[in-house]
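Chemist: Residues per chain, in single letters:
2 protein chains.
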Amino acid sequence: MATRSWVDVRDGSDFPLQNLPYGVFSRRGEAPRCGAAIGDWVVDLAPLLGDPIFAAPSLNAFLATGRERWDQVRRSLTSFLSDPSHADDVEPHLISRQDVTLHLPFEVADYVDFYASEDHATNVGRMFRPDAEPLTPNWKHLPIGYHGRAGTVVVSGTDVVRPCGQRKPPDGLPTYGPSQRLDIEAEVGFVVGVGSPQGTRVRAEDFAEHVFGVVLVNDWSARDIQFWEGQPLGPFLGKSFATGISPWVVPLPALEHARVAPPRQDPEPLGYLQTTGDTALDLALEVELNGTVISRPPFAGMYWTAPQQLAHLTVNGASLRTGDLFASGTVSGPDRDQRGCLLELSWNGTEPVQLADGSSRTYLSDGDTVVIRATAPGADGVRIGFGELRGTVQPASPGGRGTPAR
Amino acid sequence: MATRSWVDVRDGSDFPLQNLPYGVFSRRGEAPRCGAAIGDWVVDLAPLLGDPIFAAPSLNAFLATGRERWDQVRRSLTSFLSDPSHADDVEPHLISRQDVTLHLPFEVADYVDFYASEDHATNVGRMFRPDAEPLTPNWKHLPIGYHGRAGTVVVSGTDVVRPCGQRKPPDGLPTYGPSQRLDIEAEVGFVVGVGSPQGTRVRAEDFAEHVFGVVLVNDWSARDIQFWEGQPLGPFLGKSFATGISPWVVPLPALEHARVAPPRQDPEPLGYLQTTGDTALDLALEVELNGTVISRPPFAGMYWTAPQQLAHLTVNGASLRTGDLFASGTVSGPDRDQRGCLLELSWNGTEPVQLADGSSRTYLSDGDTVVIRATAPGADGVRIGFGELRGTVQPASPGGRGTPAR
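Residue numbers (numbering that gives the first Met the number 0), protein chains in the order written: chain A, 0 to 405; chain B, 0 to 405.
Calculated directly from the structure, the hints in this document are not laboratory data.
Take the hints with a grain of salt, since some may be wrong.
Claimed, not checked - Cβ-Cβ distance ranges computed for the label pairs, FRET-style:
1) B:Glu-267 / A:Thr-64: 53 to 59 Å
2) A:Glu-350 / B:Glu-204: 41 to 47 Å
3) A:Glu-132 / B:Ala-54: 35 to 41 Å
4) B:Glu-67 / A:Asp-170: 21 to 27 Å
5) B:Glu-208 / A:Glu-350: 42 to 48 Å
6) A:Thr-64 / B:Ala-54: 50 to 56 Å
7) A:Pro-333 / B:Asp-265: 45 to 51 Å
8) B:Asp-98 / A:Ser-95: 55 to 61 Å
Unchecked claim - Heads up, incomplete: computed chain B residues facing chain A, CB under 10 Å, no partners named:
9) Val-123
10) Leu-141
11) Phe-240
None of the values given here were measured: they were computed from a predicted structure.
For glycine and all other residues, C-beta sits at the position ideal for the given N, C-alpha and C.
Model the full assembly from the supplied sequences, consistent with the hints where possible.
Modeler: Quick look at the structure:
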């Protein structure tokens, strides 16, 4: 098998032959449908493969078919794009990425967000519970998580309106208005293809039978709203206004060469959370704010892995559905320039982050653009990329639909 | 207009002419479709009204049409069922409720659970934070809520498998196994028909433009799992295994006569949470365990109302979607026999609840059946009922799918 496509893929492209991620695209005036990315091109899958499952405006039906079919399609695509004898068949179905709009790649069923970085959880604990142990007593025994709002998951490129809500100054009454501590969280998300029945559980070792692929996630967060509302039931409006995901779902087989051993866990977790082998993923994330890279969070060091999260999520018999998305929580490493959110990077607003244009930020300003990227080692020595997860902050609309802000 | 249907409806039926709730039913061997309840009958809506929107296996498409259409259909149905001259047209489309299976009435988009009873929140605070104020400082300023798992919302009659998970004894390490504190929460849920765009908000006074109707909710809870996992991000596996809802969605107009003034709020809430008029609902709930009524929670006294919850839910610009469900949280009144969960009724297991069969319960045993009912004042002096929300506890399956419990 060739290690390069006959399609012209520039060196360093996020989308070499070894990647082949899936998304949903449209050309002007045409209905959205499923495609795969190769270099700067989108492959129009339904006509190329003769399979109407890809004519749908979401990947869900394909995701539901299961691993055998996923592997078949990947083999077909790899063959079409590596063997030059197929060029005449494929070329009519290659569309320049410049000519398409990318859409949310799948309908999100339930969205769960974990809290799996020890460095992130420790930093947050130090800031907000300075007199206590930074990690809560449960943290090393189970992957802490919560449900987010599936309906506000948006694709890269969607502007984010600064949310309004209640926030309370330390020595005053709560007030209503635009969040003054708008933040991002750089995360990695896992997309469920094959569901599971209610009342059963999914074992960590069955991860690849259920999880189709990986996206980048930006869990936009309004820290002032979040911290006032958050007790006793956790985050709600501080998170529910928007969650960004990257437009291309990178299938698990593309990340086979990125698999690494997870960090050692002490204490040893309970049986249903025990795993063996290379269950972590060596993804190198990058967070850019207005053109300045402000952080390079390493995903390989996350304390809890995605297979552990899947096993935990279902250990109580909760069902999985096609389109479920579960994210890692903020990816932060031990170093200062590896922190995945401004809360940590600015140490809750006390240490401004310098940008290349001479300005600085504690939290986000209106008009700011955040881009999250990631790469991973792929087959044949190439890098697997995720494409951009981009979002720009739009000013708040405190009155909303005609209601005055008070 | 007649105040009784020509259909034979026994006195005290949950489903008089003034109710006409919507659900999804099937007869053996037939596909699920939308119906309305009248007495002991189900009206097969698609053929009667000649509208294929009701031939679908969920109410979602009808919910999305909006208030004008909702009102039209209700007027048509009322006319068909009150005017005896329509009897010949209607009778072929009346099916005995004994002959049908009831299904989940709508596809749940996002599920949010609030915490709106002051008595419930105070009792929980007293039990778990005995040295602090029972209510957290934010509680009277905003309706506390969180997102639950939409994919595990099930219709009445669905058995609930006792969940497994981690729980930690006070002076020991966490262990894995079946929950030993399985509980119910009697709640009232609101079903969103018409969505709203991301980045805008919905005012409390626009409640009836967006909310279609009301169901009963049983938010099954595993207290031991919930309390070990719950810090710092709130409930997750302690709740996500199952949430029951009643099969009939009672439309808001059926509850017009149940509207009452909400309790006075002190402090006065911020502007976006201020409402005027009769925004509360006088629903009388009843919780039955193995045939013994163990509680009669009054919904009218809830501190935060559903219109306030809707305004809060969207004040940050979160969109609404057709099929969103938001529930009240446990409905508890000030009296002991008005508490809506066993956690409160048994005061965290210290005061067993006596049943008519001579047994007692702190939390639920395998085989226990819980039924939640409610009635409300309707037009013409009748009572509006919700039907039963029933669930039976099945034994845990600690190994799940072949994985031994450890």
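Chemist: All the hints need checking, so say for each whether the structure fits it.
Modeler: The hints, checked one at a time:
Remark: the range hint 53 to 59 Å for B:Glu-267 to A:Thr-64 is upheld by a beta-carbon distance near 55 Å. The hinted range of 41 to 47 Å is satisfied by A:Glu-350 and B:Glu-204, whose Cβ atoms lie roughly 44 Å apart. With their beta carbons about 58 Å apart, A:Glu-132 and B:Ala-54 fall outside the hinted range of 35 to 41 Å. At about 49 Å, the beta-carbon gap between B:Glu-67 and A:Asp-170 misses the expected band of 21 to 27 Å.
As the Cβ distance of B:Glu-208 to A:Glu-350 is approximately 46 Å, the hint placing it in 42 to 48 Å holds. For A:Thr-64 and B:Ala-54, the Cβ-Cβ distance of about 27 Å falls outside the hinted range of 50 to 56 Å, so the restraint is violated. A C-beta distance of roughly 48 Å is found between A:Pro-333 and B:Asp-265, which places it inside the suggested range of 45 to 51 Å. At about 58 Å, the beta-carbon gap between B:Asp-98 and A:Ser-95 stays in the expected band of 55 to 61 Å.
Satisfaction of the interface hint for B:Val-123 is found here, the shortest Cβ-Cβ separation to chain A being roughly 8 Å, below the 10 Å cut-off. Because the smallest distance between the Cβ of B:Leu-141 and any Cβ of chain A comes to about 5 Å, under 10 Å, the interface hint for this residue holds. A hinted interface residue such as B:Phe-240 counts as satisfied when its beta carbon comes closer than 10 Å to some beta carbon of chain A; here the least separation is about 4 Å, so the hint holds.
Of the numbered hints stated above, those contradicted by the structure are hints 3, 4 and 6, listed in ascending order.
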